[in-house]
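Engineer: If you want the building blocks of each chain, they are given just below.
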Amino acid sequence: MTVPYDTRLPPELRGLKVEIEAHAREFGLDFYETIFEVVDADDLNEIASYGGFPTRYPHWSFGMSYEELKKGYEYGLSKIYEMVINNDPCYAYLMRCNHTVDQKLVMAHVYGHCDFFKNNAYFAHTSRKMMDEMANHGMRVRGYADKYGENEVEAFVDRCMSVDDLIDIHSTAIKRHEESSRFNFKEVVEDEGDHLTRFKSKDYMSDYINPPEALKAEEEEFKKAQQAIERSFPERPERDVLLFLIEYAPLKPWQRDVLSIIRDEAYYFAPQGQTKILNEGWASYWHSTIMTERALEPWECIDYADHHSGTMAMSRGRLNPYKLGIELLRDVERRWNTGQFGKDWEECDDLDKKQAWNLNLGLGRKKIFEVRKIHNDVTFIDTFLTPEFCKEHKLFSFAHNEPQNNYVIESREFQKVKQRLLFSLTNHGRPFIYVVDGNYKNRGELLLRHEYNGIELRMDRAVDTLANVHALWSRPVHLQTVVESKPTLISHDGTTPTQKTLGEADDARKNAPPATN
Amino acid sequence: MGQKIERDHQRFRKIVRGKVKSGLSKYISRGEMIGKKGRDFVSIPLPQIELPQFRYGQKNSGGVGQGEGDPGQPLTQPQEDGEGGAGEAPGGHILEVDLTLEELADILGEEMGLPRIEPKGKKNIVTTKDKYTGIRQTGPESLRHFKRTYKRAMKRQIASGTYNPADPIVIPIREDKQYRSWKEVPKPDAVACILYMMDVSGSMTDEQKEIVRIEAFWIDTWIKKHYKGVENVYIIHDAEAKEVDENTFYHTRESGGTKISTAYELANKIIDQRYQPTEYNLYAFHFSDGDNWGDDSPHCIKFLQETLLPKLNLFGYGQVESPYGSGEFYEYITELLEKKDNVVASRIPDREAILGSIKEFLGTGK
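If you read the protein sequences in the order shown, they are chains G and Z.
Residue numbering for the first sequence is 495 to 1011, as defined by the numbering used here.
Residue numbering for the second sequence is 25 to 390, as defined by the numbering used here.
No lab work stands behind these hints: they were computed from the structure.
Being a predicted model, the structure only gives us computed values, none of them experimental.
We treat Cβ as the ideally placed atom computed from N, Cα and C, and that holds for glycine.
Please note that the accuracy of each hint is not assured.
[As the list claims (entries may be wrong)] Partial list, computed: chain Z residues near chain G (C-beta under 10 Å):
no.	residue
1	F36
2	I39
3	V40
4	I68
5	L75
6	R79
7	G93
8	G96
9	G158
10	K179
11	A183
12	P373
[Unchecked claim] Computed list of chain Z residues with no C-beta within reach of chain G, every gap over 12 Å:
no.	residue
13	M178
14	V215
15	S279
16	D320
17	G380
18	G387
The shape of chain G in the complex, shown without the other chains:
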């Protein structure tokens, strides 16, 4: 393929692209080269089903998304306006049947995303050649399907997908443990008793100052601790369950490869989940700014306003990330323009004074550029959500109401709203699962722990997921969690799940529960 993609862009759109790109650069947006492709609705649905990568590995789940998108489109219920891929160059798809004003809006929006992809810290680790990598992944999986059978490979991919959220999204930025390999043998230090607490003493006083019993007890303790360190595997609880499985589960080479493909893609997509509100808010902020300040022609106003408000609309009380993002960014911009931040502002009790507060600092733009660089959704909300904002935008928290089995509005209090919002964003709103012990009970069994934080797991799904983990680990697997407010160990030996309430024992490593089978 030597034909440049750009040829598919009709001349009038090519003109628009040049225009919008110039506006975006003028505003200080910084992005990789962006390639627009114009496709039909059906093709766009296909591309979107593959998460933006037409060359992805085959799997029925993409067919499932396709059916949803297709039916939604055919019945006029939903329509994808745009699709943009974090890659260098960025790829963006435009729907052929869209109006010129829509294409402008979409282009401006896309440049917002492209800037975000390139500059946001959480995207720093993502591969910018993902188009090619995805194609490679596709080739490999297809190759395995040819060699080992479609059904077998598919069943394995299903299993992997069942656990594909068990990754450590922050591990890309934090060094959790020292680089180690299985060849890092610890030097056995010939113990001379140096570690024991021995006070200086004259010979004849020795037994009195350093009683042998005490030394002996200390020695015992030390040995125990030493053993515990040696025995614990992994050294510290490991959140990247997939990595642990890749490294230690008895998988066939092709299985190991498939699992690492799934893991790679999960890490690639993770930042998009982490920054949904900020990313969409940022892109919306820029399409709105570019359109209203630069690109919009007078006769396009009404269509633009119609579509912009359609994107920002919230349906039946649901939170719209586009809306929340753009409003919060604008709020930050306003506050930093007027100087409504910092110690003086916080400590001011005079409402009148606060209302008229304007220091004319003009720092707003600069501040939001900083926000887009260093924040993700959780830190963004945590840092910038204010009680005033909550009130103005009518945010409320809702909670599950057990007697009626429905959700009811819980509160409009700032703290409550913020807490619920942060919770739903933390770890993508999913439970934290750690590998605690890869040699549980010294029988090569796998012990996982759910870090309980007030909400219990959905049991039927947890048991089935555990069965899938078992299929990967090949030995019995256990999950320490809380069921009906009691610490519980769920186990799966490949055929039957068992459940056992634990005593006080919360930490399985110190107080190994009696055998469960």
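Based on these hints, arrange chain Z on the given structure of chain G.
Structural biologist: Frame of chain G, contents of chain Z only:
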């Protein structure tokens, strides 16, 4: 593009329908989308497979929303807009479109292993046809889309403040103009006609007619899948034959004798007049309880063999069993089976037999 997702989509459909052995069946949920068709709400089935993952349960869970409402108010209840409640919110009556007919035909074909029908020879001419589906900015004036152009011009004038409601003159400029655009679509001209004939003499009871109706529906669905234009002709007969509409076909009950040949002759006449065998793929299905008038049967066979069959892609004879009918006509038809390959005959004693009978009828792939 296009083929790849098709494969994944087919795979998904197969899993959902239980065609592929996998452990996924218990994760299939029958979701739906609520769509709107005219004034009615339709439920569009949307099967989903959710792979198990570690997720939070409902207890103590919650989230954040935006909008009106007081603490304690349930969320899941749709908040209606007070406007008389004239059916903006789904509820009330929802039509189920469980499957489109095409999906149904696919399932039928898959389920019964039916061969695809090959439209015959010249009747399958593919022509291209221009379909006006799109809109673009340039084009000949003759294709200008007046309504869109007008609306755009008006919007522009309102936006730029040159619109005067007292003197509402709207003048489109070049940027306003919208033109229809077309796409060439291949249009296979394979057309078919299905002639249904039924004995409505006194010996046919309602139950028999119901069986015929069910069977005819499936035959229709299958044949329509393979042709672009399918027309139906309905003929009822006792001692006389006449052409009727679909409703009458299923709801007429005559008394009197039975003369099958009259129906065949009428069918032949209709074919000669309206459906030239050179242009149409012709299908004829005859349902009867097998009772016939005296020496009419040999005449029927002769007529079929010499006149009617050469014109048809397929002739199907379905014999339902009625408490009164003797069923001897079946014996006559079986004579033909060996001589002609476009004849099928099948007995349909009860509803259970419908499936097998459809298979016999459509298993020929003609």
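Engineer: Mind listing which of the numbered hints don't hold for this structure, in increasing order?
Structural biologist: Structure breaks hints 12 and 13.
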